[in-house]
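Listed in order, the protein sequences are those of chains A and B.
Under this note's numbering, the first residue of the first sequence carries the number 1, and numbering increases by one thereafter.
Under this note's numbering, the first residue of the second sequence carries the number 1, and numbering increases by one thereafter.
Don't take every hint at face value.
One copy or two, it doesn't matter: identical chains are merged, so the pair holds either way.
Lysine-lysine pairs mimicking DSBU-like chemistry, simulated, CA-CA at most 35 Å apart [unchecked claim]:
| # | residue 1 | residue 2 |
| --- | --- | --- |
| 1 | Lys-220 | Lys-206 |
| 2 | Lys-274 | Lys-82 |
| 3 | Lys-177 | Lys-327 |
| 4 | Lys-147 | Lys-249 |
| 5 | Lys-28 | Lys-225 |
| 6 | Lys-249 | Lys-225 |
Hints are computed from structural coordinates only; laboratory data are not their basis.
Number of protein chains: 2
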Amino acid sequence: MDNNQYKLAIVGATGLVGRTALKVLEEKNLPISEYVFFASSHSSGKELVFQNKTYIVRELTESSFDEGFDFAIFSAGSDTAKKYAPIAAAHGCIVVDNSSAFRMEKNVPLVVPEVNPEEIKNNHGIIANPNCSTIQAVVPLKALDNKYHITRVVYSTYQAVSGAGRLGLEDLENGAKGIPPKKFAHPIYNNCLPHIDVFLENGYTKEEEKMINETRKILKRPGLKVTATCVRVPVTNSHSESINVEFEKPFELEEIRETLSNYPGIVLLDNVSKNEYPLATIASGHDEVYVGRIRRDESVENGLNLWVVADNIRKGAASNAIQIVEKLIEYDM
Amino acid sequence: MDNNQYKLAIVGATGLVGRTALKVLEEKNLPISEYVFFASSHSSGKELVFQNKTYIVRELTESSFDEGFDFAIFSAGSDTAKKYAPIAAAHGCIVVDNSSAFRMEKNVPLVVPEVNPEEIKNNHGIIANPNCSTIQAVVPLKALDNKYHITRVVYSTYQAVSGAGRLGLEDLENGAKGIPPKKFAHPIYNNCLPHIDVFLENGYTKEEEKMINETRKILKRPGLKVTATCVRVPVTNSHSESINVEFEKPFELEEIRETLSNYPGIVLLDNVSKNEYPLATIASGHDEVYVGRIRRDESVENGLNLWVVADNIRKGAASNAIQIVEKLIEYDM
Chain A
1 MDNNQYKLAI VGATGLVGRT ALKVLEEKNL PISEYVFFAS SHSSGKELVF
51 QNKTYIVREL TESSFDEGFD FAIFSAGSDT AKKYAPIAAA HGCIVVDNSS
101 AFRMEKNVPL VVPEVNPEEI KNNHGIIANP NCSTIQAVVP LKALDNKYHI
151 TRVVYSTYQA VSGAGRLGLE DLENGAKGIP PKKFAHPIYN NCLPHIDVFL
201 ENGYTKEEEK MINETRKILK RPGLKVTATC VRVPVTNSHS ESINVEFEKP
251 FELEEIRETL SNYPGIVLLD NVSKNEYPLA TIASGHDEVY VGRIRRDESV
301 ENGLNLWVVA DNIRKGAASN AIQIVEKLIE YDM
Chain B
1 MDNNQYKLAI VGATGLVGRT ALKVLEEKNL PISEYVFFAS SHSSGKELVF
51 QNKTYIVREL TESSFDEGFD FAIFSAGSDT AKKYAPIAAA HGCIVVDNSS
101 AFRMEKNVPL VVPEVNPEEI KNNHGIIANP NCSTIQAVVP LKALDNKYHI
151 TRVVYSTYQA VSGAGRLGLE DLENGAKGIP PKKFAHPIYN NCLPHIDVFL
201 ENGYTKEEEK MINETRKILK RPGLKVTATC VRVPVTNSHS ESINVEFEKP
251 FELEEIRETL SNYPGIVLLD NVSKNEYPLA TIASGHDEVY VGRIRRDESV
301 ENGLNLWVVA DNIRKGAASN AIQIVEKLIE YDM
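Use the sequences and the hints to build the structure in full.
Structure below.
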């Protein structure tokens with residue numbers, strides 16, 4: 001194998017994130033010479049067309065990684081990750097896992113390449129891709145934390161049904177026809193559901209807890225004061241977020257705009273006189289995080305309100321994982 | 001005229017709020033002996049069936065109030081209110097106005113009957129009905145302010161298209177067919193629009209400013225620290241709100257639940273172990289404010305997160321106005 005040519009496995013290749021990963025990989029020109037696509041026995045045997053070539057999806061088994069891979073992107077849920085990611089890692093494959101299985105493990109880097117790429121170097125075979133709603137939030141927050149030191153964050157999210165996979169999309173589509181939901185606890189059609197992932201003892205959902213804990217880990221601010229309300233909205237794709245931030249240091253709004261627009265991976269879309277602000281329909285299909293509705297929150301010292309939108313399947317999952325693989329290649333790991 | 005029988009005018013009777021007002025009036029048994037329905041020249045002459053009787057909608061003119069009314073409910077926008085409410089008041093008619101025209105006027109009570117009914121007695125012929133998103137927020141906030149003294153509020157709203165009237169509903173329906181919006185600046189279908197009413201110099205929308213200022217006025221807390229992000233979501237009816245509150249005094253969550261459930265006009269729906277929380281589809285068609293997802297916000301001292309949902313056309317407009325009329329009758333004004 002050529003020194004600059006890598007072998008990549010995609011686990012969960014037939015799911016919503018897996019298929020988007022293939023699309024993103026087709027758009028990029030990575031030095032990967034061999035791709036292998038895995039899925040559960042349920043989906044193995046299916047055909048996938050990738051880079052004008054037809055691939056047969058293989059069944060994921062305990063010996064799948066025996067043949068040797070450089071990298072694997074896992075988008076197959078926590079149970080699959082817990083079982084197979086350590087096997088892959090033991091065979092020298094670096095796993096980028098989209099599930100929540102390893103995110104809070106001390107020895108597992110939790111990476112957004114625009115925010116903490118250097119963490120990639122500390123991996124022990126597994127790198128965790130953060131939760132979709134966290135990824136898009138921490139990109140602008142990191143830009144601002146660097147400069148003004150964040151003291152508190154209040155998140156309220158507006159999350160698309162694609163975050164719940166195909167069944168989520170089906171629930172919205174079927175809901176319009178009066179068909180009861182299968183994935184969600186209540187109809188998502190004509191509703192905003194303040195319920196993503198399971199409820200915990202303290203009344204928060206696991207999604208809310210993920211946003212809180214992952215924000216702290218990625219920003220390397222373990223004691224950062226964060227709270228979250230995570231809400232599913234009847235939108236097909238791209239999450240929107242209302243973010244209220246408090247800073248230690250004073251700021252000028254123009255300075256904030258400049259800081260954000262100069263930060264990698266951010267598109268500043270903030271011209272309300274022309275009705276320009278981030279929207280799900282604008283972000284969908286793109287890898288950037290869109291930031292707008294930037295205004296001072298006069299209810300607190302050094303307070304700011306932001307509206308942040310990104311494609312949750314691309315930047316929130318597939319694209320972020322592939323950006324991590326790009327960094328692994330760049331770092332020659 | 002019988003001493004206990006009143007004469008009521010509905011101005012803007014053919015609009016979304018006006019028609020809902022008729023429905024709410026049919027459900028109630030108010031001591032009203034005569035109803036007259038007004039609209040602009042555009043809609044006058046239309047027939048309305050009310051209490052099994054057919055009424056012809058009259059054109060609103062400067063002499064409409066010459067015949068003498070006890071009360072008028074205006075749901076016809078600010079321009080109509082500014083022109084005709086003073087005329088009605090000059091003829092001894094007490095106007096309950098749904099528009100924003102008079103809400104912040106010093107001599108105009110801004111009333112939510114569960115919160116500040118006594119203000120009704122200070123009217124000089126015009127009483128303002130607050131903005132829909134404010135009404136549902138201040139009911140639980142007042143219950144909690146009484147007991148714990150609120151120090152700060154952060155609002156993020158999820159507002160239904162019915163708040164923008166029939167054209168808003170049409171934009172959502174047409175959007176599903178790919179037809180561009182007429183009412184909204186961008187497609188509301190598959191989008192969350194962080195843009196309700198016009199933008200102001202400070203980057204806030206007028207809707208956000210209304211929530212901030214009206215909350216202060218209704219709670220009689222002129223200096224209260226409040227910020228808001230108001231968002232239109234692709235939901236037909238009922239607004240949802242993520243409310244983050246800070247209190248001066250410490251609290252127990254069970255005490256909060258008890259306080260809310262004992263407060264008039266609130267339905268506590270907060271049993272996450274059974275997936276019970278407020279939803280637009282649950283609140284629609286009802287006059288109560290639904291409160292749930294009650295949990296401590298650990299990111300600040302005495303912090304609380306709430307999820308609040310109400311029918312924006314009923315409690316947020318028509319029903320609140322009619323409740324004010326009921327109070328006027330009760331107070332014999």
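Each hint tested on the structure:
no. : hint              : in the structure
1   : Lys-220 x Lys-206 : within (21 Å within a copy, 37 Å between copies)
2   : Lys-274 x Lys-82  : between (48 Å within a copy, 29 Å between copies)
3   : Lys-177 x Lys-327 : neither (45 Å within a copy, 42 Å between copies)
4   : Lys-147 x Lys-249 : both (8 Å within a copy, 34 Å between copies)
5   : Lys-28 x Lys-225  : neither (38 Å within a copy, 48 Å between copies)
6   : Lys-249 x Lys-225 : both (16 Å within a copy, 20 Å between copies)
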